[in-house]
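Chain residues, written in single-letter form:
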Amino acid sequence: MTMLSVRGLHKHFGGVLAVDDVGLELAEGELHAVIGPNGAGKTTLVHLLSGALKPDAGVIVLDGRDVTRLAMHRRVRLGLARSYQITSVFPHFTVLENLALAVQGATGHDDRDRARAELGAVGLGARADDLAGALAHGERRRLELGLALSTGAPLLLLDEPMAGMGPEETARIVDLLSALKRKRTILLVEHDMDAVFRLADRITTLVDGRVIASGTPDEIRRHPEVRRAYLGEDGPR
Amino acid sequence: MRNTLYIPLQPWPTLGVVAVLALLPLAAATLGQPFYVVFATRVLIYALIATSLNLLIGYGGMVSFGHAAFVGAGAYTVAMLMPAGVASAWLLWPAALLAGAGFAFLVGAVSLRTRGVYFIMITLAFAQMAYYLVLSLRVLGSDDGLTLGNRPSLGLVDLNRDTTFYYAALAVLLAALAGMRALLNAPLGRALHGIRDNETRMEAIGFATYRLKLLVFVIAGAAAGLGGGLLVSLNGLVGPNLLNWTQSGVLMIMVILGGAGRLLGGALGAVLLLVVEEAIAEHTIHWPLVIGVVLLAVVLFAPQGLSGLMRRRA
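Chains as they are written, first to last, in this note's numbering: chain G, 1 to 237; chain R, 1 to 314.
Hints listed in this document are in silico derivations from the structure and should not be mistaken for laboratory results. Just so you know, not all the hints are guaranteed correct.
What the hints assert, rightly or not - With a straight-line Cα cutoff of 20 Å, these simulated SDA-like cross-link-like pairs (lysine to any residue) come out: (1) 54(G) to 28(G); (2) 54(G) to 184(R); (3) 54(G) to 200(R); (4) 54(G) to 114(R); (5) 54(G) to 199(R); (6) 183(G) to 166(G); (7) 54(G) to 278(R); (8) 54(G) to 17(G); (9) 54(G) to 113(R); (10) 54(G) to 16(G).
Unchecked claim - Label-pair restraints from in silico Cβ distances: (11) 85(G) to 275(R): 30 to 40 Å; (12) 183(G) to 105(R): 57 to 67 Å; (13) 183(G) to 110(R): 56 to 66 Å; (14) 182(R) to 183(G): 46 to 56 Å; (15) 28(G) to 14(R): 18 to 28 Å; (16) 118(R) to 85(G): 21 to 31 Å.
Backbone N, C-alpha and C fix where the C-beta goes; we use that ideal spot for every residue, glycine too.
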């Protein structure tokens, strides 16, 4: 079953075409990675899909429903949540209160038990009652992820969840995402190629806002244009 | 679990303050200063109005610079209805509340589409439009304002007695504070805190932030409208200056003095400002200068206002 279907997505800022005729298909339960050099339009794509930006043209269909013109909060309630590349949490709330707020936002109910379950999932159980503003970088990144998870949305758009992390923290996120696979459909934007090739079912490569290749990790690894534009000739084989 | 945003009820201090306020008319009568009962009533009403603005500025992060317009909407509603034959406060005061709410809905629906300094300016613009409208309408008394013969009636109790009116205003203020505490401790209150902390992320976890802010804006406008209705009932007159932007500024100063984002911030600020004004105004016409110095000191040395200072002591 198709969870997310995107066709002909366009977005320009002034004279710059940030997203140029992008199409995507995500099957239910799939982990689909989007890779590409800086400025390829990956984050803009996440903004468009989540509703933070409105596209100039194109259609976004979530679970059979056209959501192209819907506000961000409506899409969350329909089952599409995102995380941010630059950590965006609630510093004056405790860690558990952060997650409870996300449960409340997406469901309308104040359900602490559900928040507590997600707390364990992102490995922050020991930090439940600490203020989010007091967390270390790696913990804040996991809380960032936890906010998206706590919405309960079946489709997650994760914008560089490993940004700025050391190898140990990165390994933790990889484990976390492996555990999430199949339970949720995930669109993963990420620069860490080891993680991407380990986790992804399919990979889409963006360069200058255009899709230059889309396929299985093996197909992308061998794709000559992807190697030239992004992975480099000595990239992962 | 820890609940950082919960506002606890401190029963003994609360009872103490309520007891002092309840005995105040008695004290004024004993001291032979009945004038102070009317003054204290005015302070209570301004405490209500400043509290409603504190809900917007301190809790919602909505720095509204047009709050006087909602006060004016309530005041002129009462001043229009009374000569038309409506005498009961049970009708007049809810009408003032609805007028404040209705006007706040219109202003909020437009203003809340903007943020930051644009929001400040657009609320100011709406309030000044209301001010000039009142000023130019003959039915509203133009710059003379409107005068009422009597105070409204409130069933069995006689509002023409200053002490009775004082208790009515006290009851309204206490109910408003209790209501605000309940609202802030409810899920809606946590959502409001979240919007102040990080509005974009609130949308990204499913909150209809615009609608929530509009709801709170309307609640604050309703309380301000009720305050305006009480004010005109007390004074028996209303003039366009009640809507002028300087009034919005005075309300803002009250919130900052008392402590934005503290439950009692608006009320304490109203008490402080009006008492200082009353105490100095007889001695010098330059009393706004004194207020200015006090404000400067608060912003520099006690950014959380009077209630912040008191909390640090505790």
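Hints, verified against the model:
1. 54(G) to 28(G): 24 Å, violated
2. 54(G) to 184(R): 33 Å, violated
3. 54(G) to 200(R): This hinted pair holds, its Cα atoms lying about 15 Å apart.
4. 54(G) to 114(R): The hint holds at about 18 Å.
5. 54(G) to 199(R): Holds - the C-alpha atoms of residue 199(R) and residue 54(G) are around 18 Å apart, at most 20 Å.
6. 183(G) to 166(G): Violated, at roughly 26 Å.
7. 54(G) to 278(R): 55 Å, violated
8. 54(G) to 17(G): Answer holds: residue 54(G) to residue 17(G) is near 14 Å, not above 20 Å.
9. 54(G) to 113(R): With a Cα-Cα distance of about 16 Å, the restraint between residue 54(G) and residue 113(R) holds, given a limit of 20 Å.
10. 54(G) to 16(G): 16 Å, holds
11. 85(G) to 275(R): 30 to 40 Å: Hint violated: Cβ distance 52 Å, outside 30 to 40 Å.
12. 183(G) to 105(R): 57 to 67 Å: 43 Å, violated
13. 183(G) to 110(R): 56 to 66 Å: 43 Å, violated
14. 182(R) to 183(G): 46 to 56 Å: 38 Å, violated
15. 28(G) to 14(R): 18 to 28 Å: 55 Å Cβ-Cβ, so the 18 to 28 Å window is violated.
16. 118(R) to 85(G): 21 to 31 Å: Hint holds: Cβ distance 27 Å, inside 21 to 31 Å.
In this structure, the hints that do not hold are numbers 1, 2, 6, 7, 11, 12, 13, 14, 15, in rising order.
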